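Number of protein chains: 4
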Amino acid sequence: MYNFRNDYSEGCHPKVLEALTAVNGESVIGYGQDAYCAKCADLIREQCKAPQADVQFLVGGTQTNFTAIAAFLRPWESVICASTGHINGHEVGAVEATGHKILSSQVGADGKLTPAHIVSWVEACRDEHVTKPRLVYISDATETGGVYTKAELTALSECCKANNLLLFLDGARLGCALASGANDLTLADIASLTDAFYIGGTKNGAMMGEALVIVNPDLQPDFFRMKKREGAVLAKGWLLGVQFQALLEDGLYFRIAAHSVEMAQALQTGLKELGIPMLVDSPTNQIFPIVPDALLPELEKVCTFEVWGKADAGHTTIRFVTSFATPRESVDGLLAAVKKLV
Amino acid sequence: MYNFRNDYSEGCHPKVLEALTAVNGESVIGYGQDAYCAKCADLIREQCKAPQADVQFLVGGTQTNFTAIAAFLRPWESVICASTGHINGHEVGAVEATGHKILSSQVGADGKLTPAHIVSWVEACRDEHVTKPRLVYISDATETGGVYTKAELTALSECCKANNLLLFLDGARLGCALASGANDLTLADIASLTDAFYIGGTKNGAMMGEALVIVNPDLQPDFFRMKKREGAVLAKGWLLGVQFQALLEDGLYFRIAAHSVEMAQALQTGLKELGIPMLVDSPTNQIFPIVPDALLPELEKVCTFEVWGKADAGHTTIRFVTSFATPRESVDGLLAAVKKLV
Amino acid sequence: MYNFRNDYSEGCHPKVLEALTAVNGESVIGYGQDAYCAKCADLIREQCKAPQADVQFLVGGTQTNFTAIAAFLRPWESVICASTGHINGHEVGAVEATGHKILSSQVGADGKLTPAHIVSWVEACRDEHVTKPRLVYISDATETGGVYTKAELTALSECCKANNLLLFLDGARLGCALASGANDLTLADIASLTDAFYIGGTKNGAMMGEALVIVNPDLQPDFFRMKKREGAVLAKGWLLGVQFQALLEDGLYFRIAAHSVEMAQALQTGLKELGIPMLVDSPTNQIFPIVPDALLPELEKVCTFEVWGKADAGHTTIRFVTSFATPRESVDGLLAAVKKLV
Amino acid sequence: MYNFRNDYSEGCHPKVLEALTAVNGESVIGYGQDAYCAKCADLIREQCKAPQADVQFLVGGTQTNFTAIAAFLRPWESVICASTGHINGHEVGAVEATGHKILSSQVGADGKLTPAHIVSWVEACRDEHVTKPRLVYISDATETGGVYTKAELTALSECCKANNLLLFLDGARLGCALASGANDLTLADIASLTDAFYIGGTKNGAMMGEALVIVNPDLQPDFFRMKKREGAVLAKGWLLGVQFQALLEDGLYFRIAAHSVEMAQALQTGLKELGIPMLVDSPTNQIFPIVPDALLPELEKVCTFEVWGKADAGHTTIRFVTSFATPRESVDGLLAAVKKLV
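Going down the list, the protein sequences come from chains A, B, C and D.
If you read the first sequence in our numbering, its first letter stands for residue 727, the second for the next number, and so on.
If you read the second sequence in our numbering, its first letter stands for residue 727, the second for the next number, and so on.
If you read the third sequence in our numbering, its first letter stands for residue 727, the second for the next number, and so on.
If you read the fourth sequence in our numbering, its first letter stands for residue 727, the second for the next number, and so on.
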């Protein structure tokens, strides 16, 4: 079986496990108040060229999204995002659970939000009988693997500033976005263009963990209390600092992402050569082949994957995802298997 | 330095790390839908003699408390607990964040709630202009190390049934409660006397994780959605199943707890012999010596601990906590050091 | 000036004021626990042929919508409605403020939801990573004046039952819906086809007040506490019972509605004869003419109205609303004025 | 029967009804955007000597309390109040429903909070694992009729400023507080010493309505949206402006209060002369006699009242409340009746 089910379907990268093992016998102060987290936060501020940033470690993506959004907003304020945004369709209403409406825009197949989407909501909400849009949520990479260019992110950032909106970037797959051939952004660019974003660990080599970078000083006060209130403080908090240190101190995070993207791109290219169309030409570590329904049972015998949705009466869009744990042999093996099948 | 700061101030038990390491190379389905979690849930049902129970793995204690409580209650319902209860004083209003009022009762130094406390709130809330008490929250062990006897838990359970109240037991330190000399309860007793409870992993050998046992079938539907909504679903959910399997399959969980309790009791006995009084005679792994303020700087040189509060003008209550990682040498060493100091 | 701004832009019907004046000197028990409310609730149960119904009086529509919805749902459940539904677009996220996501469907110009819309959401939400649809919200009349037929409401009701969904009907303008020529429903039909609905007072002759009829017994327990928790209990609660008694005891409510509809229909017919198209052919007391932008300043000199939205580059949709206080002279006068203008 | 049940157990003052009747035929813009509300807000700003204040009309007290508190706080912030505070014991957890914890202090029989209570909570909450106190809630008059002096309110105000706390005053019975012989505060004093407060209409002559005065400009933005989100915007909003105009333009509000206080004081003095002790010596319009239980059935034959609670094994504390509608004859009549009974 070739595994392409998900990038959170394996444990952590061996180097991360090694780092966790190395500190396992130590006695450390809890709740992230330790030296490992402090040191790693410094490292992140440095790599982001954002000395003023507050770095907060949380356990998972949904948790990071709603904790940050609810911490940043006043009760009557709402969130603009793509209708395909993770907070809108995969988190059981976690943002609404904190009392905030999501204003979703239909976007293109690449999942990217544009200033036009934002302006449209701002104009629709001038009436005081509706919520006040205050935060724009985007993901890089998007849910369908899309990547924002520096020009695009700059335009979004300027549009947000012009409309008194905060810009929040969900970086659950930020590693693969930055490692993509379609990318021209750096961590420092993202830090300078957003109010807050996170560097996703869970989907890029960590056991668990997301590093939230709150760039805008106005959004920083009391965040620990908010995190605790939402159950988002890990008791053994240093485990997160240790993992991110292992990932970031010598570029492992980006090497993992580069490998994941390379494997996904090889698979995408190979499948296209075999005549299999894609829902969207993804430049990152998720790809979305559209396959004949008859092929599905055959595929299930050779690899793991997820069904993304019906494409038409006879076809289904599926998703293959790669990770640090995807060997070249899996890509080659799957391509060979598909070649036989089609 | 002798470490008595907390039972979540060390990594996981070596056997748990071994189990995590063993599965690290595998590809597993996410979100706790995997075979490890399923198998471990079976084991827990078996050990609890509760075949009907739903077992849900969550990451931390605060998260487990408010997710369960909010899942079980209707909006106008409230929670009865001891004023020293963890949900009342250590979780930044996480229960209130879900919209529910906490009705707290002043309890004795042992932190235990009694039927009289419950009845008092029930009577005070007959008026429809106040919340309706619907759930009783207790901890075993309590915040000050107290342990419920079978007679006490039975009385609470009967009082709850008589008043149409749910009984929820926070088991963050359940291991040490069950391992205590003061205990006569089994896991199966707890399962039969409560509507839901959890077996705490974080403070008894796991890296992280709490196993919530929802015994009452009425409270089980849709719990996964609730968990996801609260950010309490770990993406690599099998990591929790694997840890609890390692802890529970051959009694490691109870051996860890027995050791922790033994160390704490040895320390408590020793300190009392040295003339140091206790806030309360704790039968578990937390002890609460009352020390002269002048002793504090000296103690800080030899061991880690937490300040619990002022006892009187010249004395402070401190807390020593033991864990799987507390060697006998630490207990003996600290006692020797204190002997010199007093 | 001819007044067509809104049906809540006048005080109450003279008969309602008379009833309020008649009881003003009395001493009455507060919070709706009085004999006026009890008697009026009986009357409503009788007129609805729903002896099991719980009748609750609330002050306004937004309040009634979110209080009922939040009382009926569990935290992870969501609401299906038309994208034009009042709860989705005119209540500043009041439903989301209670923690529930709204799943909105694009509907036709008449604002009516169909079983197909419902089924589509049910199918989209089978995945446990999204909210569970549990309640369908419709309005009769709709936001654009549409009216459900008995066949349509029956189909919705059956679809809801088949999918374990509650059906809630916002009756802010129920009077005009029932008085419409397009209607074949009775109060009793609505009571038998929904789980809960309300008879709107504010927009049909009352000073304020909505009579919520909770037909489904499962939804009735503890509603007073929920109402109080949401600030929806009027201290001098009998004022609501007195008003609804005056409106319902001899058919005043329906005479007011019939008059309102008659006036609006006369205006709609007249405007169409003058060549002015409508956004939708409304059978109730709101009509939606599409007028050249150049006409707006002229219209503002002769009547009050609201701007509904841009129709195209040179045209604007406006809204005229009639009420008990709309004299025939206003309709004739406005038509004469428009005739001169076009 | 002599009526002493409550100050919200009668309709409105005849002058208020007259004012409502006078405008009943007019067509007015809704939601409080009308000229009546604007003019009345000006009047209130003038009487409060607070030209910068934002005046918002709401329907009831519970609604005003939680809407204001939730608008002013960030999610992790909490409210300090007396344990007898209305928000703590009479509003079904409405503040907690907005996600905020209430920190309640045991206070004296007069219901008054002191700086010592505040400081105690501030000190108890320095730890980041508990909520951050941010707002102090007091009532004037208190739940047991107590009145703050200027010195006391100044001390509270200074304590709040020194601890970065907002001061919010529930003025449901502000009229009677200001009319009390124990009072030395003016509306302008209250405006200068608090961040927000409200002038209660419901309990002092209005049909319904509370006028919230948001003195602190930082708390003013977007309040209308918050009000709408909480269902607290009356559609026919001018009805509130009209009532407060009638009450405030020529001092009617204060004459009503003076009468109420005079009647209650006469009753309190008379009862004391008859040997009936009071729970507390109340200087306002609520008094709290402690009567033998045997007297209760007799009292019920001659007057309405509320039971406040058991005083001891054989005695019960009851509450008599006076209002604009309490004639001197009721006081004299009740005293005569009690004289016969004791």
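Honestly, I wouldn't trust all of these hints.
Under the rule of at most 30 Å between Cα atoms (straight-line distance), these lysine-lysine pairs were calculated in the DSSO-like manner [unchecked claim]:
1. C/K1036 / C/K1066
2. B/K765 / A/K1027
3. C/K765 / D/K1027
4. B/K741 / A/K741
Simulated DEER-style distance windows between Cβ atoms [what the hints assert, rightly or not]:
5. B/S846 / C/P943: 57 to 65 Å
6. C/P943 / D/G907: 49 to 57 Å
7. B/P777 / A/G751: 38 to 46 Å
8. B/S809 / C/E975: 23 to 31 Å
9. D/H816 / C/G1059: 46 to 54 Å
10. D/A1020 / B/S809: 35 to 43 Å
11. A/V1033 / C/L1022: 47 to 55 Å
12. C/E1032 / D/A761: 50 to 58 Å
13. C/E1032 / A/A842: 21 to 29 Å
14. A/A914 / B/T747: 30 to 38 Å
15. A/V1068 / C/V845: 54 to 62 Å
It is worth saying that the hints were derived from the structure and are not from the lab.
No experiment lies behind these values; they were computed from the predicted model shown.
Ideal Cβ positions, reconstructed from N, Cα and C, are used throughout, including at glycine.
CB-CB spacing for A/A842 and C/E1032 relative to the 21 to 29 Å hint: The hint (21 to 29 Å, Cβ to Cβ) holds, given that C/E1032 and A/A842 are roughly 27 Å apart.
Status of the given 35 to 43 Å range, CB of B/S809 versus CB of D/A1020: Holds, at about 37 Å.
B/K741 paired with A/K741 [C-alpha distance capped at 30 Å]: Holds. B/K741 to A/K741 sits at ~20 Å (cutoff 30 Å).
A/V1033 paired with C/L1022, Cβ distance criterion 47 to 55 Å: 52 Å, holds
57 to 65 Å as the expected CB spacing between C/P943 and B/S846, which holds or is violated: About 32 Å separates the Cβ atoms of B/S846 and C/P943, which means 57 to 65 Å is violated.
Outcome of range test on Cβ distance (C/P943, D/G907; 49 to 57 Å): 53 Å, holds
C/E1032 paired with D/A761, Cβ distance criterion 50 to 58 Å: 18 Å, violated
Hint check for C/E975 and B/S809 - Cβ pair distance inside 23 to 31 Å: Check failed, 53 Å falls outside 23 to 31 Å.
Satisfaction of the hinted span 54 to 62 Å by the C-beta atoms belonging to A/V1068 and C/V845: 34 Å, violated
Range hint 46 to 54 Å (beta carbons of D/H816 and C/G1059) holds or violated: Holds, since D/H816 and C/G1059 (Cβ atoms, about 52 Å apart) stay within the stated range.
Proposed proximity, D/K1027 with C/K765 (alpha carbon, max 30 Å): 24 Å, holds
Verdict for B/P777, A/G751 (Cβ pair) under range 38 to 46 Å: 39 Å, holds
This entry does not satisfy hints 5, 8, 12, 15, going by the numbered hints stated previously.
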